[in-house]
Structures are given as C-alpha cells and as structure tokens.
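Asks: Sequence:
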Amino acid sequence: MLYTDGLNSYTQSWIDQLRAGDVRTLARAISTVENRSPGWSDLLKALFPHSGKARVLGLTGPPGAGKSTLVDQLARRYRKNEHKRTVGIIAVDPTSPYTGGAILGDRIRMQEHFSDPGIYIRSMATRGSLGGLARTTADVTTVLDASGRDLIMIETVGVGQDEVDIVRLAEITILILVPGMGDDVQTIKAGIMEIADIFVINKSDRDGAENVEREIRTLQSLAIRSDGWTPPIVKTVAREGTGIEELVGAVSNYEAYLQQENLALNKSAENWQQRLIEMLRDALLEKARGHMTDGNMARYAAEVAEHKRDPYTLVEEIAANVGKS
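Using the working numbering, you'd call the opening residue of the sequence shown number 333 and step up by one each time.
Among the hints, a few may not be true.
[Stated by the list, open to error] Derived lysine-lysine pairs resembling BS3-like cross-links, with alpha carbons at most 30 Å apart: (1) K567 to K412; (2) K656 to K640; (3) K377 to K619; (4) K567 to K599; (5) K567 to K416; (6) K599 to K416; (7) K377 to K599; (8) K412 to K385; (9) K619 to K656; (10) K599 to K385; (11) K416 to K385; (12) K377 to K656; (13) K640 to K619.
[To be verified] Taking CB as the label site, the calculated pair distances span: (14) E578 to G450: 20 to 26 Å; (15) P395 to L551: 19 to 25 Å; (16) S345 to A651: 40 to 46 Å.
Just so you know, these hints were derived from the structure itself, not from any lab. As the structure is a computational prediction, the values presented were derived from the model and not from experiment. For every residue, glycine included, the Cβ atom is placed at its ideal position computed from N, Cα and C.
Let the sequences and hints guide you as you build the complete structure.
Replies: Here you go:
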C-alpha cells in the first residue's frame, strides 16, 4: 500500500511498487492525483525526484485530425524499435455532462494495447479546464514519468486555438492538420501555429494536402523561431501507418537538436516558469475559497450586481485577508 491511515501517509514500499512498473499501483496513484484525494500532494512530492527522465510528446490539432490513430501508430512503432521503449499515453477528452468522466474514455482504437504492460493508457476528462488540458494533466505526467516510462504522449482534446497550453508541458509539440479544413491553415489561428515543433499533415492522401503544406511553409517564412529550429512537415496516413517512420525520425532529429544546441534545459526552465505561476495561482485561489462560504460569495455577488460596491475593491480586500492568514 502507498498510503496508510486513510491515505494520509505513504510508505517507501508502495513507491517501490510504482517504480517497479506495477500497473495497479500506477492506476491508483494516478487516480489519487487526478481526484485530489487525501495525500495527493505528498505523493507528488515523493515522486518528483524520480521524474525528469521521460520524453514528453504533445499531440494537438483540430477535432477529426486523427490524433488518436496517430498516437496508436506511434505507440506501436516505439514499442517495436530497437530500444523497445515503454510508453505512457494521456488522452484528454471532453467531460461527460452525465458522469463527469471522459466521453471518449474507452479509446477503442487503442484497446489492443491493453495486454502490453509496456503501454499504459489513461483517459482524462477536461472537467471544464480550458487550453485542451485537464488541470491535473501535468501532475499525472509526473506520476507516469516517475514510474519509469521512457516516453509519454499527451493527446489533447482538440479544441483549436486553446490548445496552446500543451507547449508548457510537452518537450516536443506535434501539430496535426488535415486537408479540407475550409480555408485550410487559415482556420487555425496564429497562437496554435506558433507552438508546433513538428507539423503533421494527416490523411495526406486526400485532395488539398499540398495546399496545406504550402500554407504552412508560407507562415514559416513570415517568422523565425527564437531557437532557430524550422519545424519539419511530415505527411502521414495514420490509419494505414504511412509516414509514421518519418515522424519518428523527425522527433529524433528535434531531440538531437535540443541536445546539440543545449536548448533542452532552457526550454524546461521556461515551461516550469509558466507552470509555477499556474500552480501558485491555483494554490492562492483555493486558499481564497477557504476563507469564504457559498453564502458570502452569493452576498458579494449580489452587492456588486446592485452596484452597492465595486468588484475591484472587493477583490483587493479578499486578497488582503488571504495574505494575512
């Protein structure tokens, strides 16, 4: 057991089980973190020193781009390569309005991997989070990383421009586009176009694939990345496995580039700067909520709505009270 006394303390033996690859232990640890069950913070503190070794890939793009199929094919390829990497997959899905769980949680295409202990798949519901990522996705990534997975792939929910949050978590971000998106790349706003380390044109056997490639190259010519990297464009037909080898090669090339230019640590530090801000914001928000009951919040809202007081002074007062505690 990881926890004793109602999940309030953990034992090194349970950590050892997780690190040894016990799937049931891993699943329970992820549930503890995702649901913010008692002891979740202590668990992450204990696991963090064991993290930092996995390569984290983020796969994002519009709905219908074939992200799940591409993740499935990549998992196959990485399990068959010479190193036979262990893989963790986090699939962030929309939240069911009835159960609160992930609507696409079954991940039908990936079910055949369930018998492979080298692949662990976890569907997560967004639970209202913006940015295509569940609030706890980063923490679940830490658990998977600490469990010894060599590669972690995060597939976002697919809501377009809001997907930019993935760049704060993934070391390598893959943007998946498909032909026939109306005005092609013009339907994807600048924010998401700028986060891609690798572009994938999936379903490239369709008419219009060349147009998508041409528009990507046009956009690339308008801006040069600060790290000097020019994201490659890989054409795939994921359902047939076409182009997967080329995509794996593109990932390897960017990995080598990050190491050669000594950019990996800088990129990680930038990501952590953003994540620390988000963690601090969440912690302060929870602390502020702890100072107020639902009744107080309703009263404050009514007073603002009736213009009896202004919201700016109110927020300053609440923040000041939180600071004193």
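Asks: Now look at each hint and say whether the structure bears it out.
Replies: These are the hints, each one checked on the structure:
no.: 1; hint: K567 to K412; result: 21 Å, holds
no.: 2; hint: K656 to K640; result: 26 Å, holds
no.: 3; hint: K377 to K619; result: 20 Å, holds
no.: 4; hint: K567 to K599; result: 27 Å, holds
no.: 5; hint: K567 to K416; result: 24 Å, holds
no.: 6; hint: K599 to K416; result: 27 Å, holds
no.: 7; hint: K377 to K599; result: 22 Å, holds
no.: 8; hint: K412 to K385; result: 20 Å, holds
no.: 9; hint: K619 to K656; result: 11 Å, holds
no.: 10; hint: K599 to K385; result: 15 Å, holds
no.: 11; hint: K416 to K385; result: 16 Å, holds
no.: 12; hint: K377 to K656; result: 26 Å, holds
no.: 13; hint: K640 to K619; result: 26 Å, holds
no.: 14; hint: E578 to G450: 20 to 26 Å; result: 23 Å, holds
no.: 15; hint: P395 to L551: 19 to 25 Å; result: 21 Å, holds
no.: 16; hint: S345 to A651: 40 to 46 Å; result: 43 Å, holds
Against the hints set out earlier in the document, no violation occurs for any number.
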